[in-house]
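Visitor: Take a look at the letters that make up each chain.
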Amino acid sequence: MSELTKSPYDPLLQVQKDSYRCGKCMLCKFIDHNEMTDTDFLAICPSGLRYKYEAYYASGRQEIARGLLEGKLDYNDRLLHILFTCTECGGCQVICSDQGNKNPLKTIVALRERVFRDELAPLPEHETLIKSMENYENPWQQPRARRDAWMRKMKLPDPRKEKVDTLFFVGCTQAYDPKLQNIARMTAEILEAAGVKFGVLGKDELCCGSTLLRMGNYDAYEKMARKNVELLNSIDVDRIITSCSGCNSVLREEYEELGGLDAEVMHSLELVDELIQSGDIKLKNKINRKVTYHDPCHLGRYTGVYDAPRSILEAIPGVELVEMPRNRANAFCCGAGAGVRTAYPEFAGWVASERVREAVSTGADTLVTACPFCEQNLGDVKQPKIELVDILELVRESMG
Amino acid sequence: MAIKEIDLTVNELYEEVYAELKKIVGEEWVENDPMILIGYSRDQSLETAHNPNLVVLPESTEQVSKILAVASRYSAPVVAWSTGGNTGGGCIPQRGGIICDMRRMDKVFDVDVENMSVRIQPGATFGKVYIEAEKVGLRNAVPSAPASVAMLSNYLDKGVFQVSNKYGVGTDSILGLEIVLPDGEIIHTGCLSQDNYGSICVEGPGPDISGIFHASMGTMGICTQMVAQLYPLPEFEDIIPARCDEDDMERVTVFLREIAREDCTIETILFQDTYLGMGITMNHEGAEIIRPQLPRHNAILYIGGETEEEMEIRREQTMGVLERTGVEQSPDTMLELMKSLVPWERAFKIIQVTPRIERMTGCFELFWFNIDMDQAPDMARQFEKLTRKHFADTDPEKSDRPYPYELATFYLQALEFGRSGMLEMDAYPNQGEPEGVKRGIAMAGDAIPFILEKGGQFDRPYGGEQSGFGWVQSPMLGTYFELLKGLKHHMDPYNIMNPGRLGISADQAGV
Chain A
5 MSELTKSPYD
15 PLLQVQKDSY
25 RCGKCMLCKF
35 IDHNEMTDTD
45 FLAICPSGLR
55 YKYEAYYASG
65 RQEIARGLLE
75 GKLDYNDRLL
85 HILFTCTECG
95 GCQVICSDQG
105 NKNPLKTIVA
115 LRERVFRDEL
125 APLPEHETLI
135 KSMENYENPW
145 QQPRARRDAW
155 MRKMKLPDPR
165 KEKVDTLFFV
175 GCTQAYDPKL
185 QNIARMTAEI
195 LEAAGVKFGV
205 LGKDELCCGS
215 TLLRMGNYDA
225 YEKMARKNVE
235 LLNSIDVDRI
245 ITSCSGCNSV
255 LREEYEELGG
265 LDAEVMHSLE
275 LVDELIQSGD
285 IKLKNKINRK
295 VTYHDPCHLG
305 RYTGVYDAPR
315 SILEAIPGVE
325 LVEMPRNRAN
335 AFCCGAGAGV
345 RTAYPEFAGW
355 VASERVREAV
365 STGADTLVTA
375 CPFCEQNLGD
385 VKQPKIELVD
395 ILELVRESMG
Chain B
18 MAIKEIDLTV
28 NELYEEVYAE
38 LKKIVGEEWV
48 ENDPMILIGY
58 SRDQSLETAH
68 NPNLVVLPES
78 TEQVSKILAV
88 ASRYSAPVVA
98 WSTGGNTGGG
108 CIPQRGGIIC
118 DMRRMDKVFD
128 VDVENMSVRI
138 QPGATFGKVY
148 IEAEKVGLRN
158 AVPSAPASVA
168 MLSNYLDKGV
178 FQVSNKYGVG
188 TDSILGLEIV
198 LPDGEIIHTG
208 CLSQDNYGSI
218 CVEGPGPDIS
228 GIFHASMGTM
238 GICTQMVAQL
248 YPLPEFEDII
258 PARCDEDDME
268 RVTVFLREIA
278 REDCTIETIL
288 FQDTYLGMGI
298 TMNHEGAEII
308 RPQLPRHNAI
318 LYIGGETEEE
328 MEIRREQTMG
338 VLERTGVEQS
348 PDTMLELMKS
358 LVPWERAFKI
368 IQVTPRIERM
378 TGCFELFWFN
388 IDMDQAPDMA
398 RQFEKLTRKH
408 FADTDPEKSD
418 RPYPYELATF
428 YLQALEFGRS
438 GMLEMDAYPN
448 QGEPEGVKRG
458 IAMAGDAIPF
468 ILEKGGQFDR
478 PYGGEQSGFG
488 WVQSPMLGTY
498 FELLKGLKHH
508 MDPYNIMNPG
518 RLGISADQAG
528 V
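Residue numbers (the working numbering), protein chains in the order written: chain A, 5 to 404; chain B, 18 to 528.
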């Protein structure tokens, strides 16, 4: 235990080696230099780009970890701003861990966990979300009874009562947010049309716990995650799909630490792509759009799903795909993640504007993405030159 | 400008400076919060970490000028900081003071295609300049450093490149500078000395005083703009890998000098087995697997030309040097292996291997200095011995020995057609562990006298006063050093600019 922390368990000790061995190459600030094409769009770190000071980049946060471990820093409000303006997009992680062995993202997670354990967090803006998780098992202060509101007019099987191959894990945001419920419905409609035997848990579905994890409340996350692992492993399905990037990364990657899920976890786009390739989904209608694709961090960098969405877009007749200067592992975050949109909406909006500016620079008329949080945040940017569309909307439109 | 009469405590003084700087750059761009300051306390060197008292981020030369005028008035130390990739502790504020973080000034103003030059600000990285130059068929000379490193400070700091055998060190590529002097005055040198910049590219005017700022580590002022040479990008290019066995350091030295004199390659770099092993694999374990399969010395020779025919002539010349010096061409499998592991197209130009070493070890460079190339083999052997002495454990069977001596490597770069060379001696202590720092400093104590005795020249005033890596050259310079001190005193009477460098004590510096 370091001298400063009040908690008997110091999460920073888990990342001490990485923090101390940061060689200050400063590459964590930029996209992979082999992929640099446009000097307007070289930055990878949203908080660093906006606030500029070293502390807002991974390299500076490593020094803060070191300072806290050595008792050279006292907690203050600025620390919270530095930590909670990080969207945990994983950009620094991808660059730093490229052929090296550092893990700057783990340092951010450990720092957040530490300040939470020492009762500096949650931020006031996050408290409501966390309390909502405790009370309703979703971050949006919605009653459990309304979790299936999105599917009221649909008759979807319960996989605990009826044998199906696939469980559709909807996620809190698409289940509750009226503006995004259509993504859940579209997913279900597309799967039905393709003949996939799937079911949903309806009111009994639980939050994946992502919100708690990203806000540093690891103990509550673990409790929630264990409940989920137990529930999901009790259901006899071959695969679990989700159309939420956040749920996707948590179910797929984070649950591994807790023993993992028995069923294969896929993002809905991976399944849709397979169904297009196999001919089970037929894309007939031509859609004349020039589109650019925004890689959601939790779909791309967190779980490596880059090809499926592009393959889908290329399969839609009439769609022309143009890439943004920062794409795939080098994609710039939308600015929403890890509680940033809730705590620092102005900053989140600034990051989204940067991303939309990049999308407009490609000459595309449509910005396509595949994550409810990205859609919320990018959707707030007023930019008449480009329309924001979920990829499944294009799929459904082309299916006819 | 007279220094302000000081009857304040240090904290009170910096509160006043803080208030003054806010008026210049706005509230957002000056900070005194410890959470912000600690980010500027360290680099990858073994230098002692130290926080500044303030950090300020100017956006223009005029703001830098006003900042230095304030610093002068309060006699507050100022350390310029461009992108923070310094490897020798050069930007660590040993005496606290103000970090002048230049990253908001990161523009590449224009690329002059006809005169093959570029005008840049301090925050412009090698990567950024490379992209702009590449668009018009040109390139900057790039060091064995990450693309995230600032070009201006690297050039000003006599950066050594894989092209140094052809184009010299960084300062040889400088055509003009804009400098803010310690009292806030702004001067222009070389092609920037006249408004019609670009039409002439010369040093001076008259006796070239810009040399005072070369390798000065921010001790004479802050450079806010540079015009630097660019070079043609070849239309056709290829790589020839070459190898030499462990005992042939003399042969390697002759080979590198011959390659430089023939002027047949675009870039030349020598990797030793450990360094290359770490550079092309994922981690220490991977490096340990691949290292024994690599020859001790691996040269990568990058050839090219405007036409395919020209490139083939260069190939023939290069192969001739290989034959004459008895260095072997590596099998194609070696090249294929490296190409498969490293994204080679740009990696060789904006090299990625070094940052990988930094990421894996956190620290690797201990010393670098200029030498007569003939001295390189002897020095390298001595270095290996010292590394064994300081970094090897007494019990070779001990499984957790922290610093395997086998990791010691050196990097020899021929300069200016092989007239001399730059030798970098690398070992891999962990600067995060007190034991690592202790061993590194003890090794410096043994190695530096040996290097000086053999005629090695530390021509860049890296290092600080506390660690033992200070600028050891200064006591040997006699009248030259006295004159340098006089110039420094004339330009910076209160010794506020990066005090403690240049072998001039910082005891009387600032506050």
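The set of hints was computed from the structure by calculation and includes no laboratory data. Where a beta carbon is used, it is the ideal one built from N, C-alpha and C, also for glycine. Hints should not be assumed to be uniformly reliable.
As the list claims (entries may be wrong) - No more than 25 Å apart at the CA atoms, straight line, and that leaves these computed lysine-lysine pairs for PhoX-like:
no., chain 1, residue 1, chain 2, residue 2
1, B, Lys-471, A, Lys-56
2, B, Lys-471, A, Lys-21
3, A, Lys-21, A, Lys-76
4, A, Lys-56, B, Lys-455
5, A, Lys-56, A, Lys-183
6, A, Lys-56, A, Lys-159
7, B, Lys-83, B, Lys-39
8, A, Lys-183, A, Lys-157
9, A, Lys-207, A, Lys-135
10, A, Lys-56, B, Lys-124
11, A, Lys-231, A, Lys-110
12, A, Lys-157, A, Lys-21
13, B, Lys-406, B, Lys-471
14, B, Lys-39, A, Lys-56
15, B, Lys-455, A, Lys-76
What the hints assert, rightly or not - Far from chain B, by Cβ distances over 12 Å, these chain A residues were calculated:
no., residue
16, Asp-36
17, Glu-67
18, Ile-68
19, Asp-78
20, Asn-139
21, Arg-150
22, Leu-235
23, Asp-266
24, Lys-286
Visitor: Against this structure, judge whether each hint is valid.
Guide: Taking the hints in turn, this is what the structure says about them:
1. Lys-471(B) with Lys-56(A): violated, 45 Å
2. Lys-471(B) with Lys-21(A): violated, 38 Å
3. Lys-21(A) with Lys-76(A): With a Cα-Cα distance of about 17 Å, the restraint between Lys-21(A) and Lys-76(A) holds, given a limit of 25 Å.
4. Lys-56(A) with Lys-455(B): violated, 34 Å
5. Lys-56(A) with Lys-183(A): violated, 34 Å
6. Lys-56(A) with Lys-159(A): The hint is violated at about 52 Å.
7. Lys-83(B) with Lys-39(B): Given pair Lys-83(B), Lys-39(B) holds - Cα atoms ~11 Å apart, limit 25 Å.
8. Lys-183(A) with Lys-157(A): holds, 17 Å
9. Lys-207(A) with Lys-135(A): It holds: about 19 Å lies between the C-alpha atoms, which stays within 25 Å.
10. Lys-56(A) with Lys-124(B): At roughly 15 Å apart (the allowed maximum being 25 Å), Lys-124(B) and Lys-56(A) satisfy the hint.
11. Lys-231(A) with Lys-110(A): holds, 24 Å
12. Lys-157(A) with Lys-21(A): Cα-Cα ~54 Å, so violated.
13. Lys-406(B) with Lys-471(B): Status holds; Cα separation ~20 Å.
14. Lys-39(B) with Lys-56(A): Between Lys-39(B) and Lys-56(A) the Cα gap is close to 16 Å, so the pair holds against 25 Å.
15. Lys-455(B) with Lys-76(A): holds, 21 Å
16. Asp-36: At about 8 Å from chain B, Asp-36(A) fails to clear the 12 Å cut-off, so the statement is violated.
17. Glu-67: violated, 5 Å
18. Ile-68: violated, 6 Å
19. Asp-78: Given a closest Cβ separation of 7 Å, the condition is violated.
20. Asn-139: holds, 33 Å
21. Arg-150: Holds, since 41 Å exceeds 12 Å.
22. Leu-235: holds, 37 Å
23. Asp-266: With a cut-off of 12 Å, Asp-266(A) remains clear of chain B, as the shortest Cβ separation is near 30 Å.
24. Lys-286: Non-interface label stands for Lys-286(A): nearest chain B Cβ at 38 Å, farther than 12 Å.
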